[in-house]
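Listed below are the residues making up each chain.
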Amino acid sequence: MSDIAIQTWGLTKHYGDVEALTDLNLEVRSGEIFGYLGPNGAGKTTTIRLLMGLMRPTRGRAEVLGLDVHRDGPTARNSMSFLPSDSSLYTFMKVGQYLEAFGNLTNAPRKRRDELTERLELDTSRKIGDLSMGNRQKVVVVRALQEDVPVYVVDEPTRGLDPLVQQEFGKIISELRDEGRTVLLSTHVLSEAEALCDRVGILRLGRLVQVDTVADLSVARMRRVTVTFDGEAPADLTIPGVSDISIEDGTARFEVSGSIDPVIKALARYTVVDLETDEPSFEESFLQHYESEGGA
Amino acid sequence: MSLSVIRLTLRTRRLAIFWFDFGILALGLLIMGLWPLFAENWDDLTQAMGGSEVFGGTQVEGASAQQNTFYSYFSSQYTSTLMLVLAYFGVWFGAGLITRDFGTGTLDVLLAAPMSRTRFLLSRIAALLVLTTVVVAASYVAILVGAAIWAREVDLGALELLVVHLQMLVFTLAVAGGGLLLATLILQPGRTYGLAAGIIVIMFVLLIVADIASNLEWLEKISIFGYWNPVDQLGPGDFIWRDTLVLGVTALVTSAIALVIFRRRDIVA
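Chains as they are written, first to last, in this note's numbering: chain A, 1 to 296; chain B, 1001 to 1269.
Do not rely on the hints blindly, as some may be mistaken.
To be verified - Some chain A residues close to chain B (C-beta under 10 Å, calculated; not the full set):
| no. | residue |
| --- | --- |
| 1 | 73 |
| 2 | 91 |
| 3 | 144 |
| 4 | 177 |
| 5 | 254 |
Since the hints were made in silico from the structure, they are not lab data. Every value quoted in this text rests on a predicted model; they were computed, and no experiment measured them. Just so you know, even glycine gets a beta-carbon here, dropped at the ideal spot from N, CA and C.
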């Protein structure tokens, strides 16, 4: 198998005057989970639609396992499974009928379908239209992951899933990686990328601004922390690596980049009643970081 | 062609087709069942309504007076209604062949399967052919059974009726081809159905205008309804190839253009 599962060269897509994606040069290695990160409208879905042959590039090209996704479209897609971000269901069908019908299109093995429905606790006898949003998303996930292929392209897969199912989804994705399969996971949820991915690419305004390992991603990640002390907050509170610190009565608020460990160690000297961390939006946490580094 | 795509397409339309068939079967049997009553009171009825024109006034060359009476009845009470039903079916199914899946988001998943767009659309067109045949066959069965029970004296041949329904089939495919062409251009279901229905209504109005104004008879030729003449096929004359050929070519050309457009166009979310 090729070392590179997905590769693009100057992949560009314009919608009229709008540059949705510009000169994307991307390499996703075989056997890794690659997080494709970016805020809404960054160009993630455009990239995926170009890879799946749903759109033609304005210029540039893309290959999956050495096959051009446009010139060798059907053959390239024979190695890929696609989980789109939008709901893609026939609501009048029963879950089992739907999974079987779409499984037949790609010769998905029944055994794998049964395993996945069991693990995600999906009732195949129910009509899709009667399911909750979360259960509908489970159907979409099983439909995509039932296929036995080397490359999975998944766009916002955990939207609407409850935390336990998200966890199970994470396990399934990790198992796919352990089996040597490649996953391109598009998301705007940083914690999801941190938990699942080996490497991440960060996209902004249609341009790839950074490709990092997850360890680097954690360093760049910013959190808002609110600490409530027992009594007045110490006036001499000094914590390495924090910014925008403000103290009011018994509460200190600040932002921290990267590991939260120094914060915990610094706070250990005081009596802390409550500690809250809050993840800022993608735009706030990451892109500011890369802008300040001149990456954008 | 992909059997999986054909099967999936048939499966997702089977309930609607069942009701379409049920309706057409019921309509056909009802019209045939009422024929003896109309035949018995034909003169009184036509007189009361202001002449046989009201009931179509069909005069097929070489047909007996009784046959022409039946053709008039059949034309005014059945085929003129069926023309609109089949046009609606053609718009609904032809335009929906692509737009319906675009609307539900399933088109993305279908096109992500390892098959070319040409193969996908040809499979969909094959499903269209099957479903249209099933719908038109319902009419054929209804009239055949109805004729055997209530119109034995008219001498309706199974072969003549088959030819009538062959033209109905090609007519429906021509409308569906137009709907499919619009669908590949527009993709959004609401706009496609709306535009296709609008064009059909305009064509129907053109037919009426051509019927009323003798100097505008040529309008009939630019309306698809101008090529709908199933009752004329019932007479002992030859099959009217020209009109069916025009409908057939329309179906083929619109489908071919749709295929060319669909192969190249972006499917934007």
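* Asked: Looking at the structure, which of the earlier hints fail to hold?
  -> Per hint list: 4 and 5 violated.
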